[in-house]
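With these hints in hand, go ahead and build the complete structure from the sequences.
Note that the protein sequences, when read in sequence, are chains A and B.
Add 99 to a position in the first sequence, counting from 1, and you land on the number used in our numbering.
Add 233 to a position in the second sequence, counting from 1, and you land on the number used in our numbering.
By construction, these hints were calculated from the structure, which means they are not laboratory data.
Just so you know, not all the hints are guaranteed correct.
What the hints assert, rightly or not - Beta-carbon label-pair distances, calculated as ranges:
{"#": "1", "chain 1": "B", "residue 1": "Glu268", "chain 2": "A", "residue 2": "Thr144", "range": "46 to 56 Å"}
{"#": "2", "chain 1": "B", "residue 1": "Lys316", "chain 2": "A", "residue 2": "Phe120", "range": "38 to 48 Å"}
{"#": "3", "chain 1": "A", "residue 1": "Ser166", "chain 2": "B", "residue 2": "Lys291", "range": "28 to 38 Å"}
Bear in mind the structure is a predicted one, so any value in this text is a computation, not a measurement.
Virtual Cβ for every residue (Gly too), placed ideally from N, Cα, C.
The residues making up each chain are set out below.
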Amino acid sequence: MRRSIAALLGIVGGMLAGAAFIRRQAAHRERADLYFEDGSMLSLTSGSPGAERLLPLAREVIRTTRST
Amino acid sequence: MDAKQALADLTEISSQIQAAVVFDDQGKVAASTLEDSRRSDELAKAAGGLLAAADEIKTGESALTQLEVATGDGSVFVVRTGKTVIAATTGSNPTAGLVFYDLKSALRTIKPAAAKKPAVAKKTATAAKKKTAARKPATRKKPDAS
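Right under this line is the structure:
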């Protein structure tokens, strides 16, 4: 009984960890990294106002290179 | 080295780069990996717009020199040195450090020609050739001497 409960908890824990990992990966997939002359860097993740402005422009750039 | 040759070398060195364009701060295209000049202009315009939008986001006094925007379809890289800009697109999950390094190297080789007027650039290129020719014998002598 204890073994099956432990196994069940392990499976649920693994599923939650996997879901968190996938969500984190997806969040990192779309982002904008800006590098400045003084060496500083600003990373804008998807959902932030800055990224929401830059992402459509970047998609437009990619679309331009791939259109026939 | 002219911009076209620099881009040819760039795409040969970096397998991650799918398309690239070199243009100035006015949007005038110096070279592009795209064969169609209209599409090259569109690419330069779109990349210039991206850079301008990113310029507005900056928080401090320091100037924006390079950026990477990663989307689900791929990434866009833009590097600026003075008035010369190079923009490139890659597939998903590129090695950003390597791409930036290759773009900066390419920009360094084409910078003198793109920054100056064509006549001056021609003289510079000739002078560079002469310098290279003058240095070559010295380089060859080294292995013989040691």
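Right, here's what the structure says about each hint:
no., hint, in the structure
1, B:Glu268 with A:Thr144: 46 to 56 Å, "36 Å, violated"
2, B:Lys316 with A:Phe120: 38 to 48 Å, "44 Å, holds"
3, A:Ser166 with B:Lys291: 28 to 38 Å, "30 Å, holds"
Checked against the numbered hints given earlier, the structure breaks only hint 1 and satisfies all the rest.
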